[in-house]
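2 protein chains.
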Amino acid sequence: MPPLAPYKRELDYSYAPGFFPTIEALTNAPELVRRVLVSTQAAASDGLSRVEALCAGHHIRIETADKALSRLSGKENCFAAAVFTKKWGALSAQGPHLVLHHPSDAGNLGTMLRTALGFGYLDVALIAPCADVFQPHVVRASMGAVFSLRIHEYPDFEQYRASYPTHTLYPFMLKGSVPLAEAAAKPASPFALVFGNEGTGLPDEFLEYGHPVRIPHSHKIDSLNLSVAAAIGMYEMMKEQL
Amino acid sequence: MPPLAPYKRELDYSYAPGFFPTIEALTNAPELVRRVLVSTQAAASDGLSRVEALCAGHHIRIETADKALSRLSGKENCFAAAVFTKKWGALSAQGPHLVLHHPSDAGNLGTMLRTALGFGYLDVALIAPCADVFQPHVVRASMGAVFSLRIHEYPDFEQYRASYPTHTLYPFMLKGSVPLAEAAAKPASPFALVFGNEGTGLPDEFLEYGHPVRIPHSHKIDSLNLSVAAAIGMYEMMKEQL
Numbered sequence: 004m005p006p007l008a009p010y011k012r013e014l015d016y017s018y019a020p021g022f023f024p025t026i027e028a029l030t031n032a033p034e035l036v037r038r039v040l041v042s043t044q045a046a047a048s049d050g051l052s053r054v055e056a057l058c059a060g061h062h063i064r065i066e067t068a069d070k071a072l073s074r075l076s077g078k079e080n081c082f083a084a085a086v087f088t089k090k091w092g093a094l095s096a097q098g099p100h101l102v103l104h105h106p107s108d109a110g111n112l113g114t115m116l117r118t119a120l121g122f123g124y125l126d127v128a129l130i131a132p133c134a135d136v137f138q139p140h141v142v143r144a145s146m147g148a149v150f151s152l153r154i155h156e157y158p159d160f161e162q163y164r165a166s167y168p169t170h171t172l173y174p175f176m177l178k179g180s181v182p183l184a185e186a187a188a189k190p191a192s193p194f195a196l197v198f199g200n201e202g203t204g205l206p207d208e209f210l211e212y213g214h215p216v217r218i219p220h221s222h223k224i225d226s227l228n229l230s231v232a233a234a235i236g237m238y239e240m241m242k243e244q245l
Numbered sequence: 004m005p006p007l008a009p010y011k012r013e014l015d016y017s018y019a020p021g022f023f024p025t026i027e028a029l030t031n032a033p034e035l036v037r038r039v040l041v042s043t044q045a046a047a048s049d050g051l052s053r054v055e056a057l058c059a060g061h062h063i064r065i066e067t068a069d070k071a072l073s074r075l076s077g078k079e080n081c082f083a084a085a086v087f088t089k090k091w092g093a094l095s096a097q098g099p100h101l102v103l104h105h106p107s108d109a110g111n112l113g114t115m116l117r118t119a120l121g122f123g124y125l126d127v128a129l130i131a132p133c134a135d136v137f138q139p140h141v142v143r144a145s146m147g148a149v150f151s152l153r154i155h156e157y158p159d160f161e162q163y164r165a166s167y168p169t170h171t172l173y174p175f176m177l178k179g180s181v182p183l184a185e186a187a188a189k190p191a192s193p194f195a196l197v198f199g200n201e202g203t204g205l206p207d208e209f210l211e212y213g214h215p216v217r218i219p220h221s222h223k224i225d226s227l228n229l230s231v232a233a234a235i236g237m238y239e240m241m242k243e244q245l
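Taken in sequence, the protein lines are chains A and B. For the first sequence, the working numbering begins at 4 and goes up steadily by one. For the second sequence, the working numbering begins at 4 and goes up steadily by one.
One thing to keep in mind: the hints can contain errors.
If several chains are the same, the list does not tell them apart, and a pair holds so long as it fits within one copy or across any two.
Claimed, not checked - With a Cα cut of at most 25 Å, we get these calculated DSS-like pairs of lysine-lysine:
1) 189 <-> 70
2) 89 <-> 70
3) 242 <-> 178
4) 242 <-> 90
5) 189 <-> 178
These are calculated hints, taken from the structure and not from any lab test.
Chain A extracted, bound-state conformation:
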């Protein structure tokens, strides 16, 4: 096996740092896990026993790799990591979609993936340019949700749109004409919620697509944080089914 490289977008594999994301990888996508790294400091922990049992069940190799783990972890402690093969999913043609247009912040992206999984949005479209969904920090912030979602990156919005023409679009925009509660009272089926970049939101052309939604808030702030807006939108549009 070749030595492990520091993470780069060009690699065909990445790392899921932390026991929780590692266990999620081994549970929900064991076929993608190449091996698991553990720290000598993890000896006899509950997390380690669980990881060992899962690896044994799937015949996945565990190795001690303190140096690779400390390189991965940055400021935070990291006692385990799954090395996994990157793989895009094909989105469902029926289920609700979360569409993220040019998301740029890795932490926000991870948080949105975790929220999506929690509220039953199993299909996520990323429109490039965007943060790297396989970056270890994103995988960690998602708490391993990446291993339970179907995620696909599109070079532009038109290619996503052409692939799923029957989804009714709900672009979330400060200038949206439909208050969220009104849109959520009777959501179209299937539907896709579309959120723009942290700093710039969605371009004005999205005002022409489907039902542009506004989350009402006071004028004392200029906008909500992206992961907050996406969470409120996902919750409200799905809450009858939760």
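Starting from the known structure of chain A, arrange chain B on it as the hints suggest.
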């Protein structure tokens, strides 16, 4: 004037890094601003003109301080900062309260303050131990919302409770008995939303307080991110008034 120190919790002043938070400080709490630092790289920017006009109107000194700003900014660029006096507020006895019990993550705390301001929660109680609300990173993540809110830190929950005994409590808990939509259908007045620590949530004793609320989500995640849960709770409990 004494030289500026690196930020510490013990100091009686802090820094609001960035043009947007600096403008919020000058607009909403000019009496707290001791002086404003700007970078030589900020010359002739729109932000600088706005800051200069506000400082002139309030007779606040502006000084060039590249070194102090680069120490403040860490990885991000920071071309301006307000130096401000820390001040706790007294919470309103009528309005809705946001109560944060042992929040530990600075970024989450800042995001929650911004969301609170956006949804009309102008009064925030922090229960120690908790992240330092005046830390520059929190001020920045709040986008300067700290300058428009009344915020008070209490040594324990009992002291908060004794100060505002008429607020009906809604503790948000995984084991909460009331689904959020039900609680939001007819909120008590006045009310307080209570959220626990990122890792541990609220202690079980909060199940005995008021109406313990649950945000329904799938079992595919173990919990929502704290700033996400708080945002959904604040939005849903206030949306009739937005």
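So, going through the hints one by one against the coordinates:
no. : hint        : result
1   : 189 <-> 70  : neither (53 Å within a copy, 55 Å between copies)
2   : 89 <-> 70   : within (23 Å within a copy, 42 Å between copies)
3   : 242 <-> 178 : both (24 Å within a copy, 18 Å between copies)
4   : 242 <-> 90  : neither (30 Å within a copy, 40 Å between copies)
5   : 189 <-> 178 : within (21 Å within a copy, 29 Å between copies)
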